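Listed in order, the protein sequences are those of chains A and B. No gaps in the numbering here: position 203 of the first sequence is 229 in this note's numbering, and each next residue is one more. No gaps in the numbering here: position 379 of the second sequence is 405 in this note's numbering, and each next residue is one more.
Think of the hints as simulated: they come from the structure by calculation, not from any bench. Wrong hints could be hidden among the right ones.
Since copy identity is lost for identical chains, a pair holds within one copy or between any two.
Mimicking SDA-like on lysine to any residue, the simulated pairs with C-alpha atoms at most 25 Å apart in a straight line are [stated by the list, open to error]:
id: 1; residue 1: Lys480; residue 2: Ala449
id: 2; residue 1: Lys480; residue 2: Arg105
id: 3; residue 1: Lys480; residue 2: Ser350
id: 4; residue 1: Lys480; residue 2: Glu101
id: 5; residue 1: Lys480; residue 2: Arg54
id: 6; residue 1: Lys480; residue 2: Ile95
id: 7; residue 1: Lys480; residue 2: Leu56
id: 8; residue 1: Lys289; residue 2: Gly311
id: 9; residue 1: Lys480; residue 2: Ser51
id: 10; residue 1: Lys289; residue 2: Ser331
id: 11; residue 1: Lys289; residue 2: Arg123
id: 12; residue 1: Lys480; residue 2: Gly306
id: 13; residue 1: Lys480; residue 2: Arg421
id: 14; residue 1: Lys480; residue 2: Thr358
id: 15; residue 1: Lys480; residue 2: Gly355
id: 16; residue 1: Lys383; residue 2: Cys230
id: 17; residue 1: Lys480; residue 2: Gly361
id: 18; residue 1: Lys480; residue 2: Gly58
id: 19; residue 1: Lys480; residue 2: Ala357
id: 20; residue 1: Lys480; residue 2: Gly106
These numbers come from a predicted model, not from an experiment.
Number of protein chains: 2
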Amino acid sequence: MSADNPVRERLVVIGGDAAGMSAASQARRLRGPDELEIVAFERGHFTSYSACGIPYWVGGQVGERDELIARTPEEHRARGIDLRMRTEVVEIDVAGRRVRARELDGGAESWTSYDKLVIATGARPVRPALPGIDAPGVHGVQTLDDGQALLDTLRATDGRRAVVVGAGYIGVEMAEALINRGYEVTVVNRGAEPMSTLDPDMGCLVHEAMAGLGITMVDDAEVTKVLTGDDGRVRAVATEDAEYPADVVVLGIGVRPETSLAKAAGLPLGAHGGLLTDLGMRVRGHEDVWAGGDCVEVLDLVSGSERHIALGTHANKHGQIIGSNVGGGYATFPGVVGTAVSKVCELEIARTGLREKDARRAGLQYVTVTIESTSRAGYYPGAAPMTVKMLAERRTGRLLGVQIVGREGAAKRVDVAAVALTAGMTVEQMTALDLGYAPPFSPVWDPVLVAARKAVAAVRAG
Amino acid sequence: MSADNPVRERLVVIGGDAAGMSAASQARRLRGPDELEIVAFERGHFTSYSACGIPYWVGGQVGERDELIARTPEEHRARGIDLRMRTEVVEIDVAGRRVRARELDGGAESWTSYDKLVIATGARPVRPALPGIDAPGVHGVQTLDDGQALLDTLRATDGRRAVVVGAGYIGVEMAEALINRGYEVTVVNRGAEPMSTLDPDMGCLVHEAMAGLGITMVDDAEVTKVLTGDDGRVRAVATEDAEYPADVVVLGIGVRPETSLAKAAGLPLGAHGGLLTDLGMRVRGHEDVWAGGDCVEVLDLVSGSERHIALGTHANKHGQIIGSNVGGGYATFPGVVGTAVSKVCELEIARTGLREKDARRAGLQYVTVTIESTSRAGYYPGAAPMTVKMLAERRTGRLLGVQIVGREGAAKRVDVAAVALTAGMTVEQMTALDLGYAPPFSPVWDPVLVAARKAVAAVRAG
Numbered sequence: 027m028s029a030d031n032p033v034r035e036r037l038v039v040i041g042g043d044a045a046g047m048s049a050a051s052q053a054r055r056l057r058g059p060d061e062l063e064i065v066a067f068e069r070g071h072f073t074s075y076s077a078c079g080i081p082y083w084v085g086g087q088v089g090e091r092d093e094l095i096a097r098t099p100e101e102h103r104a105r106g107i108d109l110r111m112r113t114e115v116v117e118i119d120v121a122g123r124r125v126r127a128r129e130l131d132g133g134a135e136s137w138t139s140y141d142k143l144v145i146a147t148g149a150r151p152v153r154p155a156l157p158g159i160d161a162p163g164v165h166g167v168q169t170l171d172d173g174q175a176l177l178d179t180l181r182a183t184d185g186r187r188a189v190v191v192g193a194g195y196i197g198v199e200m201a202e203a204l205i206n207r208g209y210e211v212t213v214v215n216r217g218a219e220p221m222s223t224l225d226p227d228m229g230c231l232v233h234e235a236m237a238g239l240g241i242t243m244v245d246d247a248e249v250t251k252v253l254t255g256d257d258g259r260v261r262a263v264a265t266e267d268a269e270y271p272a273d274v275v276v277l278g279i280g281v282r283p284e285t286s287l288a289k290a291a292g293l294p295l296g297a298h299g300g301l302l303t304d305l306g307m308r309v310r311g312h313e314d315v316w317a318g319g320d321c322v323e324v325l326d327l328v329s330g331s332e333r334h335i336a337l338g339t340h341a342n343k344h345g346q347i348i349g350s351n352v353g354g355g356y357a358t359f360p361g362v363v364g365t366a367v368s369k370v371c372e373l374e375i376a377r378t379g380l381r382e383k384d385a386r387r388a389g390l391q392y393v394t395v396t397i398e399s400t401s402r403a404g405y406y407p408g409a410a411p412m413t414v415k416m417l418a419e420r421r422t423g424r425l426l427g428v429q430i431v432g433r434e435g436a437a438k439r440v441d442v443a444a445v446a447l448t449a450g451m452t453v454e455q456m457t458a459l460d461l462g463y464a465p466p467f468s469p470v471w472d473p474v475l476v477a478a479r480k481a482v483a484a485v486r487a488g
Numbered sequence: 027m028s029a030d031n032p033v034r035e036r037l038v039v040i041g042g043d044a045a046g047m048s049a050a051s052q053a054r055r056l057r058g059p060d061e062l063e064i065v066a067f068e069r070g071h072f073t074s075y076s077a078c079g080i081p082y083w084v085g086g087q088v089g090e091r092d093e094l095i096a097r098t099p100e101e102h103r104a105r106g107i108d109l110r111m112r113t114e115v116v117e118i119d120v121a122g123r124r125v126r127a128r129e130l131d132g133g134a135e136s137w138t139s140y141d142k143l144v145i146a147t148g149a150r151p152v153r154p155a156l157p158g159i160d161a162p163g164v165h166g167v168q169t170l171d172d173g174q175a176l177l178d179t180l181r182a183t184d185g186r187r188a189v190v191v192g193a194g195y196i197g198v199e200m201a202e203a204l205i206n207r208g209y210e211v212t213v214v215n216r217g218a219e220p221m222s223t224l225d226p227d228m229g230c231l232v233h234e235a236m237a238g239l240g241i242t243m244v245d246d247a248e249v250t251k252v253l254t255g256d257d258g259r260v261r262a263v264a265t266e267d268a269e270y271p272a273d274v275v276v277l278g279i280g281v282r283p284e285t286s287l288a289k290a291a292g293l294p295l296g297a298h299g300g301l302l303t304d305l306g307m308r309v310r311g312h313e314d315v316w317a318g319g320d321c322v323e324v325l326d327l328v329s330g331s332e333r334h335i336a337l338g339t340h341a342n343k344h345g346q347i348i349g350s351n352v353g354g355g356y357a358t359f360p361g362v363v364g365t366a367v368s369k370v371c372e373l374e375i376a377r378t379g380l381r382e383k384d385a386r387r388a389g390l391q392y393v394t395v396t397i398e399s400t401s402r403a404g405y406y407p408g409a410a411p412m413t414v415k416m417l418a419e420r421r422t423g424r425l426l427g428v429q430i431v432g433r434e435g436a437a438k439r440v441d442v443a444a445v446a447l448t449a450g451m452t453v454e455q456m457t458a459l460d461l462g463y464a465p466p467f468s469p470v471w472d473p474v475l476v477a478a479r480k481a482v483a484a485v486r487a488g
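Could you put the whole structure together from the sequences, leaning on the hints where they help?
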C-alpha cells in the first residue's frame, strides 16, 4: 500500500466511537491522505455517538436517536477516513504490525497491516451470569443498539413496572428515564447506599431524595436471578430476600475495560484491567501503539494511582491527544481528578477527588466537613438547598475531594474543586477564591467556600 | 474604660454593614467581652444587609426588606457589640487614637477612644452635579433606605416609563427590576456598549440581548440634565441629542470608595481613592488600624496592580480576615482576580481577570479567542447558547481573562477560570481540566475548555 508513496504511513484505529474517531479526525487534520492513510474498524452500526445521552433518549427528552450521533460513517469517509463498519477486529499481531478483522455480515476475515495503531475498544457492561439474565425484557444500555432495543421493548409492552439493577450513574439516570416514561421504578442496589462513587453519608442523601421522587430504593440487595413468565419474558427480579415484579429490567451495574484483544496481544494491563499508557497516551513499551477512552486506565492526580473511568469527556480528550501525537504534534493527558456529575429528576449529584476510602487506600490522613447551603442567596426565589462534603489532608490542608448533593445549581459547582485539586490548592487558599457572586447565582459565601472555611477549622483542630 | 480590667482593649468599628460587622463578629468569636470591648458606629438605620439584593426587592422577587438583613442591630448587641445606630463618625484622630461621632437625631457629639480601629465606611454612589438631579423621582439604590424610597415612589405613581442612567451591574440589574414591575425601560449609557467591565465586543452581545428583551438601549450618551414638570417631579432625562420621558429615574452610574474621613485623617489612599492595606487588611503604616470592604483598594492578582471593586463577597471576606487578626488570629486576603456575575432577565453575564485594555495597561501582550457553545449537550432540552471570550498571554499562554455572555448556566462557569487564574494556569493546562460532564450539564467539551483549546492554537500561532 505504500508503493505509490514510500513515506505514506497507515494508521489503523480499532473502535469508531469517541476516542477512536477523535484520534482519526485529529490525525487527519494534521496529516493529509497523501501522508497518512487511516483505516478504522467499528463492529457496531454507529460512529461518534454520545452513549451518555442514551438515558435521555430512552426517557424521551431527546426525540431521535440520530441527535446523539455527532458524526456519521459517511461524514468520516468524506474526510478521508477508510471506515469499515460492522467489522470487528479479532486479533492484534503486535510483532507483525497487523490486525485481523472479521466482517460481521458474512464472516469474511482479512489482515490489515499498520504503521501506527490506536486501540479504542471501549468498555463492556458488567453482566453477571445469572439465571434468566438473557430473557427478553432484560436490557443493557451501553450502545445505541442497546438503547434502540430497550425503546422497542418499552413501546411494545404496556407494562408499568421497571426494575433497574445497579445504582451508579447509569442506574440513577435510567431510573429517571423510566420515571419520565411513566413507570413505577424500583432500583436494586448491592451497596449500602446508591452512588457508591460517593461516601455513604452522601449516598444516603441520594437514597432519600430518590425515595422522595417515588422511586423504590432497595439497598444491600444482590440480585440472584431473573424470573420469567410462561412467555419466556422477564416477570420479576429476585434477590435472596424478595421478588420485585418487572415488565422490564435495565442493567446498570457498571462497565469494565474491553481489553480482551489487547490482553491476547500481550499489551500491558493495569489492576483494573485497562490498558496502561504513558502521558502521551502511548501504550507503555510500544512506540507505535496508542490507546484511549474507556479501555485505558488513567492517572488519578490526587491519589497518584491508576483508575478506570468510563466517561465520554475523557475519551474525547484522549482521542484529541492521540491524534495530535500520531499526526506529528505534541500533546499529553496529565490525568484526572475524578470529577463526575449526574442527575435524577431535580436531584443533582457531583463528586471530584477522593472519597474517604480512597484517601485511606492512598495512605492519606484527612479531615472531613459537611455543610448545608443554598444555590442562590437565601432570599432569592428558587434558592435550593445543597449539601457539600469536603475532604482535606490532615496537617497540610491540601484539598482531597468534594461531594455535592443538591438541586438546581449544585452539580457544576464541583468544577471549582476540580480546578483547585488540579492546582494542588489547600482549603485555606480556597477560602480566598474570587468566585462569582450575585444573589441569583450564589449566597455571599459560595457553598464551596463555606465548606472550605469549615475545613480550615477542621485542619487546625486536627 | 479600662479601669476595671487593665488588659481589656477597645475596638472601634466605623460602618455597620458587611465588612464592619463581619469584623466585629469574628473578633467577638475570638475574644470575649472581658478581653475586648467592641463599639460600632452606623449612620443608617440598618446593619449587615445585602445591598446586592436591593434590585430584587425593588423588582418584586424578594417580598420584604427584612429578608435582605442578615443580622439586626439587636442581634449584634446580643453578642456583646455596643452598636450605635444613626451615629456618624465625623473625624478620626489617629495620633490621639479616638474618633468623634455625631448622633444624627439630636446632633450630640462625643469622642470615643480606641486601641484598635476598623474602617468600613463603604462606597458612595457617583451622583453628577446635574440640573434637576435632586428632583423627586430621581433615585439612587445604594442603601436599604434608598431602596425603600424608590419603592415608595414606584407605589405612589402610576407612571410606566423608567430611565436608568448607567449600564454597569447596578444599571442592568435595575433595568430587570423595572421590567419586572411592568415599566418601559430606557437605559442611557455613556459608553459605547453596556457593561464596560466587559470588552466592547462582548458588551455588544449584552446590548443586543437587552434590546431583545424590549429595553431601549441608548449608548454613547451623556446625561446633561434631569427635566422636571410643573409639580417639580422628574419628567424626562436629557442628553445632548434627545430627551427620554421618565416617570422615575434610577441612577446606577457606579460608586467610589467612601474615604473622606480617612483622607482627612492622613491615612494612605490609592489611585482609585480607596484605602491601601497590607495583606492582613491593616492600613499601611498603621499598626492598629484596619480597613475593608468597599472603602479599600484590592490587589489584582493578574495585573499586579490595585483596583477598587465594590462587592459584598469581598467585603465579607475582608471582615472575616480583619476580625481574625484583631482577635489575635492570623488571616490574609491575597487579592482578587476580578470575578463578577450578573443577570438581566434570562441573560447571564460574567467576567474574570483582565479585559483587553487592562492587559495593555499592565504591559501584557495577549491573544484573544471567542467561541460559541451551549450550556448542555446540544441534543439535551434547554441547551442554551453561550459566547466565551478568552485572553491568554502571548508566548507563555498564561490565562489572563474570561468573559461569558449567555443564558441559563452561563455565568457561574466563569468560576473555573477564576480558580485557573488564581493558580496561574496556562490555557494549555486548562484544556486538560477534569470538569463535570453529563448531557444535562455540559457538552462533552465544556464551553470553557472549547475556548481554552482555541486559545492554545492562538498562542501557538501568535
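Starting from the hint list further up, note which numbers the structure goes against and sort them upward.
none
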